[in-house]
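> Sequential numbering of the sequence shown, starting at 1, is according to UniProt numbering.
Treat the hints loosely; a few may be bogus.
Said to hold, decoys possible - Pair ranges (Cβ atoms, derived): (1) 952 - 379: 49 to 59 Å; (2) 945 - 249: 26 to 36 Å; (3) 918 - 1124: 15 to 25 Å; (4) 1022 - 918: 19 to 29 Å; (5) 583 - 837: 15 to 25 Å; (6) 776 - 1079: 33 to 43 Å; (7) 495 - 23: 24 to 34 Å; (8) 588 - 292: 20 to 30 Å.
These aren't lab readings, by the way, just hints derived from the structure by calculation.
Quick caveat: nothing in here was measured; it's all calculated off a predicted structure.
C-beta atoms are modelled at their ideal positions from N, C-alpha and C, and glycine is treated no differently.
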Amino acid sequence: MRLKDINADITFELWMKPELAGETPQMGVGYIAPNNVRQAYRLRINGQQWNVLIRDPSAGKDLNFHLKRGCAHLAEVLQVAKDGSALVKIVFFNGEIVEIGDVEIGIDERIESTAKRNGIRFNGAEELGSVLNDKCKISVGGEDFFLLMSGPSAKADFEADSPEDEDSPESGGVVQEKYREFSIYGERVRIPVERRNVDKSKDIYFATKAVFKDNQKSEGSLRLARGAVQFSDYTKTGRIRALAAGAMSQLTKETGSYLKQWDEYGAIEGEMLLARAKAVGRIDYHGTEQTTKGVKFFVSSIPDQLTEGDEIEITSEEPLYLKNPDLTWEAYSKALEEEFATKKDHKKNDAEMPASVYAPILKISRTSIELDLPSIPSGQMFLILSINGDKIQIERRMRARSAILEGRCANPLLGLLIEEGGTLPEIQRVTKLKPLTSFVKEKIFKHPPTDRQVEAIEVALNTPDIALIHGPPGTGKTTVVTAILERLNEEYDKTKSIRGQILVSGFQHDAVENIVARLSVNALPAVKFGRRSGDSEFTEDAVTEKINKWCSNVAENIRNKNPQIAQTEDQVRLAELFVAYSLCPSKNNTVSLMKRILDLPRDVISEDITSEAEEIINSLQTELKPNDPSTLRLVRALRVSEAAFEDDGAARAVDLLDKIEDEPANLDLSVLEKAARWRSGKPLSFLPELRELKEALLYRYLPSPDFRTEKPREDVLRLVAAVSQLLEKKLNSTNKRDAILAEFLHELEDNPDGVREAIEDYNFVYAATTQQAVGKDIIRSKNKNVRYDQRTEMVKYDTVIIDEAARTSPRDLLIPMSQAEKRIILVGDHRQLPHLIDEEVARALEGDDSSGPPVDVDFVKKSMFEYLFNRLKKLEEKDDIKRTVTLDAQYRTHPLLGDFASNNFYQKYNEGYRSPLSESHFEQRLQGIENKAAIWIDVPNSQGKEAVLPSRSRQRVSEAKVIAEHVNKWIGSEEGSELSFGVISFYKAQVFAVYEALQKFGITERAQDGAWQRCQEYRFLENGEERLRIGTVDAFQGMEFDIVFLSMVRSQDMNTLPPHIRNEEDYKKKQQKLFGHLMSENRLCVSMSRQKKVLAIVGDGVLANSQIAVDAVPALKNFYDLCHEKGVIL
């Protein structure tokens, strides 16, 4: 800032001339003082001094008077004439210089919004801070000054007297007088500053607002302050980060620290992981064999700790924990961090090292381990238990935890918010955003929102840090979240990049997909990063399905409105295929090009062209006819070494013989028949002959290599040219708009990766599980268009919303929470499924050392959501800022079932809820249960018992068959054609049993990789909702279906109980042995609240009515009674 921009009460503008001829004062800001000689002055600027005289002596009297008063002043040379004289502006301030020192002032989005409205151009808070620094700083000879007003003179700046401020949704209202400190005076701007206490010894300054004025009135109370003023994003101010780091360091040392307890849990988890990997050790193999599913490794012994499904690492480098068996998890983690930093500096050497290969175990036998691998790895390698996946998860948790501890996370105060003993500084910035607009209300809500829903949205939008929305089943948590997202989108500053400003997260993929599959912010489907580890590559998740449907709808709308672009599309597609053919004139590309020509309308191409294209295809078709790839796989899987054949050689020989024995061949298959008949203990003298047969079969079934270099065919080039001319003539005119639309349609339908990338670029909402929130894909997308030197793995979001937060373990929950700059919104219900914990870790945490202080491990079982619910309630009492809301009305389910869930699972905690909709909203006409909501399908013990599998999971096939019959009957009926169905079990084995039972009716099938999946027509309804889902209760939280089957599975004849149950004296243990997971109130609550119209429990009614069931699972007996009184028992 320059003095010419200051409008003070006492100012002089005087022409002055140096006493010595030839001298010329410099331009700049400095001081002036009277000389001993009358009418002479000393002018000091940038360390130089000139003796000057006033050109108009009459002005000297007033100037001398103010100089003698001793008030602070500054002088600036504004202009220098040719004769050396200078125009000097002298400004006098109120009182002496204020020695204030350097001042750091926090700014937030309200200041940014005001600056943008007033035409200030900047990119982000840091750049705005630099702009304000320049507007307020006065530099004098290496020293910095700024101007301020305080007390009554600054009052007008603090008052919300500007209509612009009053109407602004970001307005925080008038600042209390006790917090007002001073107002900074700058070039065209005044910034009132408040002081807030961060702890007993430290204060911090915040900009309350920014008042921009082109013509500032004359001020007589301006003070000159010595010191540099520094504006910065208030969340990044050094004092806040230092405060947070210091406070967290102290808090985590105290007994009972919430985060410290979870740190101890994590340390034990890491030690156990390392201990298992050490126990498995190094496994050397002496042979390999390709199988139909993967690769078999032959070993001398199998470690007891290995189980099917474990991930194995095939490597040539022995890990640190095997080289040093005494290595601790803490030391191992530090070594990995150092190794990672070293590798980043030596990327070239990294590329030269052989990479490890990771694969899950498919099958373990006495002498072999079969891994899910596409081919046999090359080089001298060995097997170890992979801890890579667990290691990555633990490291992500540790990084988030470190960022919170050190105040480096997006909100440096997050740790103080979480810790019970944390004291928040008085710096919360509460906004006043309107909860709903008419657009959002109309778009999101099918029924008028309840008062609690509106309150939840308002609390979430205006929280200064964390908002927690507790919602029992069906109370509209997902609806509230979608409304919040729409409102945030409305309020977001569209002059900034909107890419991925909001993160929607959850512990499980299902919870994330459940929300984002319903979103359409800015008419775009949301994008989700990361996929399930066990997902089949042949199936798509709900989010990908929605993106595909969005592409189809957009394409259909364009074609309906622009029917004339059909020929333009033909040109675009033909041109692309011709480019591919020109670059690679292979037989396949030639056939594709000809088929494209044959697909053209017959009014465009002549019969001659059609005939010529068909002739070209026919000439190539015989050359392209492939052998059956499944036969080649079976040939490769044929065992020809002694160790491999003894393992499963006869079975592989049978498979191959069944496949090829009826094929015409000149080969003698007698040795293959002999191999198929082989039994253990018999001689293997036929193996050399079998090896020769395998080589002959490989020669026959492997495609012949073609080493010729293909060249474009003259007849193809001529034909394409002729078709292009015909298309050109058919078009009425060369319309650029049509060409652009045709190109766009081509991208929509033929470039799915490009479409997804474009949707990512313009999408306001990103979605990922808590772990994938820091995955490579989402980090890469967030860093897109960011300068390389500014890219970071610690990506941040304006807002983070975590659904089903009560399901998420605290250490995983901290990962996305650490990424939220402005607000964290937690949504969930701690009465439903709890977070997952490792019981072995919990027992180790409790420990056996009686000499130490007693350890309370109950915190491990309580969700962080429940902990924060209580913690935030206490904060509300302290600072009077609303952060928690409990929703109180459900609209999902039939009122009979809604009241049942409320009475059985919530009323006892004083959290009961209403069911306002009448029964007429949930009508259904399914045969046998017309308009009944509560159904019990009885499968007595005499029809089949429960079975315990080697995996310890349970199944009851008789129940699975009954469920399959009813699903087939109802889903295939006209009355059920538009309804969604869910089948829930507490046991994975029962899920597979239901899948298998439904296969009989053509409702389920196996994918190419053997995984169960629904047949295409049963996956989604026309409206995009899932038509059928089969899974454990964990896969259903947050889901809703019209008709839900709950498979009870547990069934015993109470008169002939097995000895281990009958002889159990402990009544609680006896209950547990009889009912297992049914006794988990949280799980039962979820499974009995997913339905909209019908809940049908399938199980043993006699067991449910026994006295022990009444004591162990009262809700089960209550539901049976409800079915008897107001429902149906089948």
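> Each hint: holds or not?
Quick rundown of the hints versus the structure:
1. 952 - 379: 49 to 59 Å: With a Cβ separation near 38 Å, residue 952 and residue 379 fall outside 49 to 59 Å, so the hint is violated.
2. 945 - 249: 26 to 36 Å: For residue 945 and residue 249 the Cβ distance comes to about 59 Å; the hint is violated.
3. 918 - 1124: 15 to 25 Å: 23 Å, holds
4. 1022 - 918: 19 to 29 Å: 26 Å, holds
5. 583 - 837: 15 to 25 Å: Distance hint for residue 583, residue 837 is violated at roughly 56 Å.
6. 776 - 1079: 33 to 43 Å: 41 Å, holds
7. 495 - 23: 24 to 34 Å: The hinted range 24 to 34 Å is violated for residue 495 and residue 23, with Cβ atoms some 51 Å apart.
8. 588 - 292: 20 to 30 Å: Because 27 Å falls inside the window, the suggested range holds.
In summary, the numbered hints that this structure violates are 1, 2, 5 and 7.
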